[in-house]
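Participant: Counting in full-length UniProt numbering, the sequence shown runs from 1 upward without gaps.
Among the hints, erroneous ones may be present.
[Said to hold, decoys possible] Distance windows between CB atoms, simulated:
id	residue 1	residue 2	range
1	E221	S22	12 to 22 Å
2	H419	F365	51 to 61 Å
3	Q410	A219	47 to 57 Å
4	M250	L25	25 to 35 Å
[To be verified] In the DMTMM-like style, the derived pairs of lysine to aspartate or glutamate whose C-alpha atoms are separated by at most 25 Å in a straight line are:
id	residue 1	residue 2
5	K330	E306
6	K330	E374
7	K330	D401
8	K330	D308
9	K386	D292
10	K330	D353
11	K330	D292
12	K386	D284
13	K386	E374
14	K330	D367
15	K330	E239
16	K330	E309
17	K386	E306
18	K386	D367
None of these hints come from the bench; they were simulated from the model.
Ideal Cβ placement from N, Cα and C applies to all residues, glycine included.
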Amino acid sequence: MTLRTRVAILLAVLVATSSAVSGLLSYRFSRSEALAAIDASLELRADRFAPAFGVGVDGPPPPPPPPLIDGETPVEPADHLPPLPVGAPPPAGPPGSPITLDDIVDTESMFGLLDADDGVVVATDDRITELLAESLDRGEVRWETVTLDGARYRVRSERFVDGTSSVSALTLAELNMALAGVRRRLIVLSTVVTLLAAVVGFVAAGFISRPLRRLSRAAEEVAETGEPSADLSIATSGEIGQLSASIERMLGALRGAREQQQRLIVDASHELRTPLTTIRANIDMLSSGRLDPADMETARNLIRSEIDELTNLSTELSELASAEQYVLSKTRLDFVDVARCTVEREIARHGRDIQFIEPRRAPVFVDGNRAALERAISNLIGNAVKFSEPDAPIVVRVERDRISVVDHGQGIPPGDLAHIFERFHRADNVRNYPGSGLGLSIVHETVLAHGGRTFARNHPRGATIGFTFRALPTPADV
């Protein structure tokens, strides 16, 4: 399922849910308002007509009715009035005429008055007793919605203090029809709004996902061709713009890694070409048989030297390729002890005057790989031994967050200071010195793996090369 479809479905579900909830609330509110209007009408009927028939009235009987009007039948006494059929039209009479059942009889309602024994005193329908609420206490008014012969009625039952009762009922057929119409309209409206929301969501999701589709096509192109050269710059803001920028940075890093790999291959080939050429030339000279014993020994020594150079180059290439693996096996180390042991080993190896200066507050702890750090410090010292004057001292200084190796030689040309940690980089003034140009690159990769940074600078009598590291807090620091 595509993102466009998911967004369209989600938006449709949200709109449908909100429409259903709002429609249900509107329907219930309308029904409540309509029932309140019906209850008010029933209340008015009961309050108007019950006293007119002498039911539920305390005190003296009502005054005698006014003189009869020709053609009109007055209301008989309550105990002699039989129930009247529903549907009789009310007669027209002048103002002030007595209230009769004809005034409240219609096809939509029922009204009745009952004595204390629930006998019918007057009623517009002989089923009125079936609508009277059960267990009705004196002085109590009860509202109910009941079903009578398949029809729904809203019923008001009231028991007066003298035991008599009044029952008013109004059919809900018209209300139910109106509410059914409201329901149909709400359903149709909700359906239309939901479909419209789905269409709008599908179209909007298409615009939103267009940059994502472009990113997807570019990623597929990179996966198929292996060339991280696709242009993923998208002129948009927000999360998609951030994603595009992140992928662009990732591809940039991938392009940089690819370029470094190609440079490594070219530089390694170049570095291998010189010793191989020397070995071939000396083998040819030895094979010619024209060399005297001294020259033959010289040729053999040159071959051994070049083989040693090839061995060192191979070792350094392997260490450089695996430098990132040091991140996987770090432990808490005393960096001062690591540096001291390395200095002692280098003194024994080179026989040089190497001075070690510790920080005033020792130990200094780091989270790192001991073998990798020893190799990095050893490469710095070996570099200083190579380019220092034979009798000049080499100073290794450890501080709270860095180590520096100071040599006394010809220094680093200013144009090369920013490049000495690059692979196979060799300054013009040291190209005749032995080495592959990978020692400081290994230092740089190791330091990066430990979260530090390398640095190099000149001083009046040589150069200072070193790196920083992340020192762990000690109890004295807390």
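Participant: Within 25 Å, alpha carbon to alpha carbon, are K330 and D353?
Facilitator: violated (32 Å)
Participant: Against the 25 Å threshold, does the CA-CA distance of K386 and D284 hold or violate the hint?
Facilitator: At roughly 32 Å apart (the allowed maximum being 25 Å), D284 and K386 break the hint.
Participant: K330 and E306: Cα distance at most 25 Å?
Facilitator: Roughly 36 Å separates the two Cα atoms, so the pair is violated.
Participant: Quickly compare the C-alpha distance for K330 and D401 to 25 Å and report which way the hint goes.
Facilitator: OK: K330 and D401 at ~17 Å, within 25 Å.
Participant: May I ask you to test the hint 47 to 57 Å on the CB atoms belonging to Q410 and A219?
Facilitator: holds (50 Å)
Participant: Between K330 and E309, does the CA-CA distance stay at or below 25 Å?
Facilitator: At roughly 31 Å apart (the allowed maximum being 25 Å), E309 and K330 break the hint.
Participant: Under the criterion that the straight-line Cα-Cα distance not exceed 25 Å, is the pair K386, E306 satisfied?
Facilitator: holds (18 Å)
Participant: Between K386 and D292, is the straight-line Cα distance small enough, at 25 Å or below?
Facilitator: violated (33 Å)
Participant: Next pair to validate is K386 with D367; report whether the Cα-Cα distance is within 25 Å.
Facilitator: With a Cα-Cα distance of about 30 Å, the restraint between K386 and D367 is violated, given a limit of 25 Å.
Participant: Quick one, are K330 and D308 close enough, alpha carbons at most 25 Å?
Facilitator: violated (32 Å)
Participant: Straight-line Cα separation of K330 and E374 no greater than 25 Å?
Facilitator: Holds, because 13 Å separates the two Cα atoms, which is no more than 25 Å.
Participant: Could you grab the alpha-carbon distance between K330 and D292 and see if it respects the 25 Å cut-off?
Facilitator: violated (56 Å)
In summary, the structure is inconsistent with hints 1, 2, 4, 5, 8, 9, 10, 11, 12, 15, 16 and 18 from the numbered list given earlier, while agreeing with the others.
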